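As they're listed, the protein sequences go chains A and B. For the first sequence, numbering that gives the first Met the number 0 begins at 0 and goes up steadily by one. For the second sequence, numbering that gives the first Met the number 0 begins at 0 and goes up steadily by one.
FYI, nobody ran anything at the bench for these hints, they're computed from the structure. Possibly wrong hints are sitting among the right ones.
Taking lysine-lysine and the BS3-like style, the derived pairs with C-alpha atoms no more than 30 Å apart in a straight line are [as the list claims (entries may be wrong)]:
| no. | chain 1 | residue 1 | chain 2 | residue 2 |
| --- | --- | --- | --- | --- |
| 1 | B | K441 | A | K103 |
| 2 | B | K18 | A | K444 |
| 3 | B | K103 | B | K18 |
| 4 | A | K441 | B | K103 |
| 5 | A | K18 | B | K444 |
Since the structure is predicted, the reported quantities are computational estimates derived from the model, not experimental observations.
Number of protein chains: 2
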Amino acid sequence: MIGGDAAGMSAASQARRLKGPDELEIVAFERGHFASYSACGIPYWVGGDVPERDRLIARTPEEHRARGIDLRLRTEVTEIDVDRGRVRTRDAGSGAESWTPYDKLVIATGARPIRPDLPGADAAGVHGVQTLDDGQALLDTLARSGGRRAVVVGAGYIGVEMAEALINRGYQVTVVNRGREPMSTLDPDMGRLVHRAMEGLGITMVNGTGVTGLPTDDDGRVRGVATPAAEYPADVVVLGIGVRPQTSLARAAGLPLGDHGGLLTDRAMRVRGHENIWAGGDCVEVLDLVSGQQRHIPLGTHANKHGQVIGTNAAGGYATFPGVVGTAVSKVCDLEIARTGLREKDAHRAGLRFVTATIESTSRAGYYPDASPMTVKMLAEHRTGRLLGVQIVGREGAGKRVDIAAVALTAGMTVEQMTSLDLGYAPPFSPVWDPVLVAARKAVKAVRQRA
Amino acid sequence: MIGGDAAGMSAASQARRLKGPDELEIVAFERGHFASYSACGIPYWVGGDVPERDRLIARTPEEHRARGIDLRLRTEVTEIDVDRGRVRTRDAGSGAESWTPYDKLVIATGARPIRPDLPGADAAGVHGVQTLDDGQALLDTLARSGGRRAVVVGAGYIGVEMAEALINRGYQVTVVNRGREPMSTLDPDMGRLVHRAMEGLGITMVNGTGVTGLPTDDDGRVRGVATPAAEYPADVVVLGIGVRPQTSLARAAGLPLGDHGGLLTDRAMRVRGHENIWAGGDCVEVLDLVSGQQRHIPLGTHANKHGQVIGTNAAGGYATFPGVVGTAVSKVCDLEIARTGLREKDAHRAGLRFVTATIESTSRAGYYPDASPMTVKMLAEHRTGRLLGVQIVGREGAGKRVDIAAVALTAGMTVEQMTSLDLGYAPPFSPVWDPVLVAARKAVKAVRQRA
Numbered sequence: 000m001i002g003g004d005a006a007g008m009s010a011a012s013q014a015r016r017l018k019g020p021d022e023l024e025i026v027a028f029e030r031g032h033f034a035s036y037s038a039c040g041i042p043y044w045v046g047g048d049v050p051e052r053d054r055l056i057a058r059t060p061e062e063h064r065a066r067g068i069d070l071r072l073r074t075e076v077t078e079i080d081v082d083r084g085r086v087r088t089r090d091a092g093s094g095a096e097s098w099t100p101y102d103k104l105v106i107a108t109g110a111r112p113i114r115p116d117l118p119g120a121d122a123a124g125v126h127g128v129q130t131l132d133d134g135q136a137l138l139d140t141l142a143r144s145g146g147r148r149a150v151v152v153g154a155g156y157i158g159v160e161m162a163e164a165l166i167n168r169g170y171q172v173t174v175v176n177r178g179r180e181p182m183s184t185l186d187p188d189m190g191r192l193v194h195r196a197m198e199g200l201g202i203t204m205v206n207g208t209g210v211t212g213l214p215t216d217d218d219g220r221v222r223g224v225a226t227p228a229a230e231y232p233a234d235v236v237v238l239g240i241g242v243r244p245q246t247s248l249a250r251a252a253g254l255p256l257g258d259h260g261g262l263l264t265d266r267a268m269r270v271r272g273h274e275n276i277w278a279g280g281d282c283v284e285v286l287d288l289v290s291g292q293q294r295h296i297p298l299g300t301h302a303n304k305h306g307q308v309i310g311t312n313a314a315g316g317y318a319t320f321p322g323v324v325g326t327a328v329s330k331v332c333d334l335e336i337a338r339t340g341l342r343e344k345d346a347h348r349a350g351l352r353f354v355t356a357t358i359e360s361t362s363r364a365g366y367y368p369d370a371s372p373m374t375v376k377m378l379a380e381h382r383t384g385r386l387l388g389v390q391i392v393g394r395e396g397a398g399k400r401v402d403i404a405a406v407a408l409t410a411g412m413t414v415e416q417m418t419s420l421d422l423g424y425a426p427p428f429s430p431v432w433d434p435v436l437v438a439a440r441k442a443v444k445a446v447r448q449r450a
Numbered sequence: 000m001i002g003g004d005a006a007g008m009s010a011a012s013q014a015r016r017l018k019g020p021d022e023l024e025i026v027a028f029e030r031g032h033f034a035s036y037s038a039c040g041i042p043y044w045v046g047g048d049v050p051e052r053d054r055l056i057a058r059t060p061e062e063h064r065a066r067g068i069d070l071r072l073r074t075e076v077t078e079i080d081v082d083r084g085r086v087r088t089r090d091a092g093s094g095a096e097s098w099t100p101y102d103k104l105v106i107a108t109g110a111r112p113i114r115p116d117l118p119g120a121d122a123a124g125v126h127g128v129q130t131l132d133d134g135q136a137l138l139d140t141l142a143r144s145g146g147r148r149a150v151v152v153g154a155g156y157i158g159v160e161m162a163e164a165l166i167n168r169g170y171q172v173t174v175v176n177r178g179r180e181p182m183s184t185l186d187p188d189m190g191r192l193v194h195r196a197m198e199g200l201g202i203t204m205v206n207g208t209g210v211t212g213l214p215t216d217d218d219g220r221v222r223g224v225a226t227p228a229a230e231y232p233a234d235v236v237v238l239g240i241g242v243r244p245q246t247s248l249a250r251a252a253g254l255p256l257g258d259h260g261g262l263l264t265d266r267a268m269r270v271r272g273h274e275n276i277w278a279g280g281d282c283v284e285v286l287d288l289v290s291g292q293q294r295h296i297p298l299g300t301h302a303n304k305h306g307q308v309i310g311t312n313a314a315g316g317y318a319t320f321p322g323v324v325g326t327a328v329s330k331v332c333d334l335e336i337a338r339t340g341l342r343e344k345d346a347h348r349a350g351l352r353f354v355t356a357t358i359e360s361t362s363r364a365g366y367y368p369d370a371s372p373m374t375v376k377m378l379a380e381h382r383t384g385r386l387l388g389v390q391i392v393g394r395e396g397a398g399k400r401v402d403i404a405a406v407a408l409t410a411g412m413t414v415e416q417m418t419s420l421d422l423g424y425a426p427p428f429s430p431v432w433d434p435v436l437v438a439a440r441k442a443v444k445a446v447r448q449r450a
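Bound-form chain A, shown alone (with noise of 0.2 Å):
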């Protein structure tokens, strides 16, 4: 296994359950201090919701050692040798280098975090949070500052999470976003609420504006972030601008790469045309079960069925992981925010001609106590009425309400037979219509009118 979290441990851990230590060897190697834990919870960590670091891991070092996987951290691949069937690994306390042969290869080796090609970006103060030593620094980095000012760079997933995390902490925010509108994975018109929600909670939001530089004090120390019209003042930098799959190593080996720079594999996890080698994780593309395009998209829950599929097979059962239809939930304080499927963008892309319906609507009854409000936007193709994406913005109660729509994408369901799904409804829980029923009853009337 090269990499030691969420897609490698599990495969690891997944094969140990099938076969045991005298019929499978298993050798782990993560060049981090760290493996088996939760990169997605460390904006909670930061933000104090999670008080400690070491509840972000799911199983220790040692915990996997007793199960009889050689767990071998802060040590790195450097090579892979396709053709001879061995790995080279660089121990980073003590610098020495060997080789360890493979019968089967597993490559989880995540992603990596952009970091932009910008004076200052190496300064002190400017963090990523991509890996638990990240948070780390991060969390040290707030403790040694004396001031309260922090800027995020990239409104997505990360950005917004960690600037709820840095106003727990007590920060005025600024979030500064190339977009035209926070979270580019939802259309702009439901990124806008996003926008509005997070200017409510106090944030300050400049959209639409590429950064030029990260200014730095004397001692070397990051003292804001610039942009083409103006300087924002930061004690600390946090860098949300996204990830690209870790594949060097891959491409150095010569294994296919797609067009997101991610592996390629089959349904079976297998590295495409390479019978012993498997990838998952954040360094692999998947399938988009809707445009039945490659995308990549690093998210904790597809690389542990990533690893449970690969582990399966690599011990010599079987199991496949058919693809993604883009289902992701987010949160910023009390704002959910939430969406599967197509984007506008994205449906276009994959050549599909479609309809549009945005609802209002509530969690619960209207007439129940804390009924909020929420939007469901609902994409559905032209002519055949089949769901195409949805995106939800709202509060207690929003966001997983598009595991509706996931599990209905996944069937391949119209937005007419949606209208009938029979979902839980009592005044706490729902309107007698539920929301997504709403939007897709507009969906439909939508597709009728253009057909």
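Following the hints, complete the assembly by docking chain B onto the known chain A.
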């Protein structure tokens, strides 16, 4: 329209949307004082969560009339004359009777609560909660009664919701229930979790016990609930022992009724064998898409869908109601209870062999604050692995997760297909494997082991 609540008035409204008053005359007869109200909201009004009755009224009689629907309250239909296409009505005030002819008839007579044939069942202080009038009568009793002891007879949805309502009103609540466990819409092993949780809320649970009588004081007011073993003192008694389709009119008119006493319709909600008569809501039986059998499921969300379909068809359009999967969700204080599909005994009755899997998980990532435990039970068909049913008992975030299973049931998914579902994941919303997926994974193993 016979009946002015959810199904009837939805049908009227939808028909009016499609046909103007010059094209279609719509007369709706309702024997009570109210139309278009949320019967499902009554427990929350009684409990004080909903401050006033009128909040439960979705559309006032004046609003209906302004849209050209001739709604006649306090007017009971006493006979349907199918051969001559007319109904006989009686004005509740004057007692005057008259005949009204129809070209198209919609029967939406709802359900009637089961009143036990017991001494004292009609005594003062004994209440059902079927209509707004019932809710008002109960509130009047609560206001008048100096006491603090309430007994609820029955532990289905109405029973548990009324237990919550009475706790919220400051009563000591005893629930007397014939079944082995509360919530007989769950399997007893899951009902047992509800039982314990209700006791944890301070509710006295008396299960496996029939009621022999409702003893009264000298002034004729109820003073308790008698069982073979004991008498439970009560200042107020609420009956929540279920409902039956209100189909005496339909039966007298020779219309087709099913085994549960509900009207039988086709998918367009047309009464079988009658071109110009539709029926919907709590007075009809519906097709259970999982078992293939007819069921009676009185629930506002179905009634609204039926009304929508009936109104469309009666106005010359086309719509169908394909059936239900039996989804229901409820709560008692902070306990959430949900189910969809078949229980073990339903599966037996339908001739299905199955496996079960029960798991414990949490509503959020385990390290995230307020992650609350939930139990998920899943039934899957032997050999095919087709999902048959899901039951969930937990706290916040548990109930609406049943929608995932409701959509999967509708799509005919197997539990193995479900393990790949791309559900919304982020630490505040779900563990990395959603509890429903954890259950699906365990069900997959159970299917394989038994195959």
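Now the hints, each set against the structure:
no.: 1; hint: B:K441 to A:K103; result: holds (27 Å)
no.: 2; hint: B:K18 to A:K444; result: holds (16 Å)
no.: 3; hint: B:K103 to B:K18; result: holds (14 Å)
no.: 4; hint: A:K441 to B:K103; result: holds (27 Å)
no.: 5; hint: A:K18 to B:K444; result: holds (16 Å)
Violation of the numbered hints given earlier is absent; every hint is satisfied by the structure.
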